[in-house]
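Undergrad: Below are the chains, spelled out letter by letter.
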Amino acid sequence: MRNSNIMGRLAAKAACLISAAALTFSAPAAMADYPEEPIKIVVGFGAGGGADTLSRLVAKALERELGQPVVIENKPGGGGIVAATGLMRAEPDGYTIGMAVDSTFSLAPLFGGQVKYGVGDFDYLTTVASLQNAIVTSGDAPFATWDELMDHAKAGNKVSFASLSPATKMMMQYIANRDGVDLKIVPVKGGKEAMKEVLGGHMQIGWSAGAHQAYLKNEGVKVLASAGTQRLGLSPDVPTLLEMGYDFGVDGYFMFFAPKGIPADRLQQLTDALYKAAADPEVAKLAQQKMGFPNVVLTPQETTDEVLRMVGVYENLMAAAAGK
Amino acid sequence: MDQIIAGFADALTITNIVLVFAGVLLGQVFGAIPGLSALTAIAIAVPLTYYLPPVGALGFLVGINKGGTVGGAVSAILMNTPGSPEAAATAFDGHPLAKQGKPLKALKIALYSSVSGDTFSDLVLILVAAPLAAFAIRMGPPEIMSVVILALTVIAGLVGLSMLKGLIAAAFGMLLSTVGLDPEAASDRFVFGIAELMDGIPIAAVGIGVLAMGEVLHQIKLHSRGTDDTHLPLASKNRADRRISLAEFRSCIRTILRSAAIGTGIGAIPGIGSSAAAFIGYEAAKRASDKPESFGKGNIEGVAAVEAANSAVVGSNFIPLLALGIPGNVAAALILGAFVVHGITPGPHLMEEQGQLIYGLFGAMIIGNICNFLIGNAGLRFFVMVTHVPANIIFPATGLLCLTGAFLAGGSFAMLLVTGFALLGYILRKLDFSFVTFIIGFVLGPMFELSFRQTVILADGELAYLLDRPIALSVLGLATVVVIKVLLTLKSRA
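Line by line, the protein sequences give chains A and B. Number 70 in our numbering belongs to position 70 of the first sequence; there are no gaps in the numbering. Number 1168 in our numbering belongs to position 168 of the second sequence; there are no gaps in the numbering.
Only chain A is shown next, with the shape it has when bound in the complex:
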């Protein structure tokens, strides 16, 4: 989404005014504890989308926890890369944090190019929701399970795959190489677009991070495999790639992060508040009931471990792709 930093900027400006006013009136008490200014969350995706909506709800709950306004600034681009690049240079004072997805930190630096940060440049604070990664096909496809798909492909049929990103391309290529089948890997612009191509019969299978869940009723879409480490909430009978002998699973999280170097006591206070805010019932309701993403809230340690685990997964996949 190209055009939408607007709300964040307006809100940031409003917050600046408010904080200026607060400073004017409370100058003698300036030695108060953290936080004494509004907190800014830089969201790595455009206004109006899932990441943005989740962030706004968490921000509301965080305001209650910290007693300061929390403003959202949207910095979309490159799947969170633009926001992370900006945050890397931000002052580590606990007043600026970011929101992106785990692959912003685990995968993007491996591609090099414009990405100037590394996985070690940030503190990882908490997750707020987990994606529902799946490989899906349309209800009238000639295969109904992963095994049938593979038999179909091994019989010499080149199956077309709607790929959301270089990462999904890499993973499907890895599977194709491992099983000795040929795929037509077609780039599409996002999950909704992939659903359109699969439902319309233009592409046979596609990757979904959760967009397929609205089409499960009446067999519009069939799930062939869960690409996460666990089975999917809405398709508990479908096995994971791991169960079927492939050696990777990607869960995908919406998560909060901050530039490294925030003083320890502030960081503690911030992560405690954020942890509570991310588990707020309103946030959980939106994530689970409306967006279809489980409200998984990991501790800072668990979040960091997950990011580091994914670095390993992606490094292996890349090495396999390069060694071919």
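The hints are simulated quantities; they were obtained by calculation from the structure and are not laboratory data. Treat each hint with caution, since some may be false.
Stated by the list, open to error - Simulated restraints, written as ranges between beta carbons of each label pair: (1) D182/A / G1296/B: 47 to 55 Å; (2) P1470/B / K116/A: 44 to 52 Å; (3) Q289/A / L1246/B: 50 to 58 Å; (4) L1487/B / K217/A: 47 to 55 Å.
Please read these numbers as outputs of a predicted model, since none were measured by experiment. All C-beta atoms in this analysis are idealised placements derived from N, C-alpha and C, irrespective of residue type, glycine included.
Position chain B relative to chain A; hints supplied.
TA: Relative to chain A, chain B alone:
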């Protein structure tokens, strides 16, 4: 039936009517100010609607979207500064009319055509959304590629005698549209280490810069020696020049219906958008006319063709959104976000699950069209006063608004981009390169690239793949006919 009545009753509460009215007003004002757009207004308004009841919230957003279609024509007609690519063609005949002292006539035909096109596509949405969506989903990469190629052939029709210059400008636009990450391998193209360019150059920055700011610079140069002249002659006092007579409207009806059908068809297919509809609608009207040479010189049919087409897209964009859950453009994607927050998941089961709410939304759309007509009719008189303001005030002020709009949409980086593209727009005008073909190339370039690459991968080297796609083939055939006709006309003129 009960659902339909209950839904419309929900829409007809005082709160909702006020919200829709406010949305339309906001949309018209944002659309009319160069540099701002309905999209800006929607992005600002989405979080405000979290606190409103669902029908009111959606009515408000839909109202902004509708108001923007009417407002967008205003600056294109009065000042030749369209703020967005889909209004660029409105200026072709709209601005010459204003220069002839008939700004009100141009604004009125724009308003009537815009509201007619919008109403037409709303009716299609309400009556046949489901079957049309089922058809739209059959439009895969090859079909989208063909429609984009057809839209690109319109360039050939627009370049006139300076074919070479027009094509150079279009190619340059396409080249600039490749900035950012390559859609398949995600390798960088022309990014030069600037992270902000990774998602490409924003269309808003190019539109504001080349179309609006470029014209501002051009006008400032023209009037740099001048005193306090206005840039347009004073509006004619002649009654016939200030209104659209019934006979005139009747003569435009065929054009309006044709363009509304084109816009509705294109809007129902996710991802093509109102710019392509506007240009195809204009070209179709020109080809069907018995006086094609009068187009571009102030023919009201030219204005009607463009406005009916780009406004029809706004309504029919909701067809894939409601029936399939797939947004057709950025505005629809933002509104989809608002749907989700209000607990509505658009998709194939929306009607059975949320029938009453959807009929409420349809009710709000109809109210929106009525508001659009009423507010538009009242507002024109105010907008037209712009023509009385001296050029040395109006153009610098417009320039300031453009920069403000750029800042709102993308921060200080967008202001730099807009300034750069304003210079480019100025140079294109000075050297007589078509900035319109430049913008068509820029807007359609990425769609062409993606659908073409998808088609090539899917076809897997077999041309026979296209033989299975009759819709794609017929659209490609139509594009060939357009090109041949243009070449023949050029030959006979040379």
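Undergrad: Would you say the C-beta atoms of P1470/B and K116/A sit inside 44 to 52 Å of each other?
TA: With Cβ atoms ~50 Å apart, the hint holds.
Undergrad: May I ask you to test the hint 50 to 58 Å on the CB atoms belonging to Q289/A and L1246/B?
TA: 54 Å, holds
Undergrad: Do the Cβ positions of L1487/B and K217/A conform to the proposed distance bound of 47 to 55 Å?
TA: 52 Å, holds
Undergrad: Do the beta carbons of D182/A and G1296/B sit within 47 to 55 Å of each other?
TA: 52 Å, holds
Violated hints for the displayed structure: none, as all numbered hints are satisfied.
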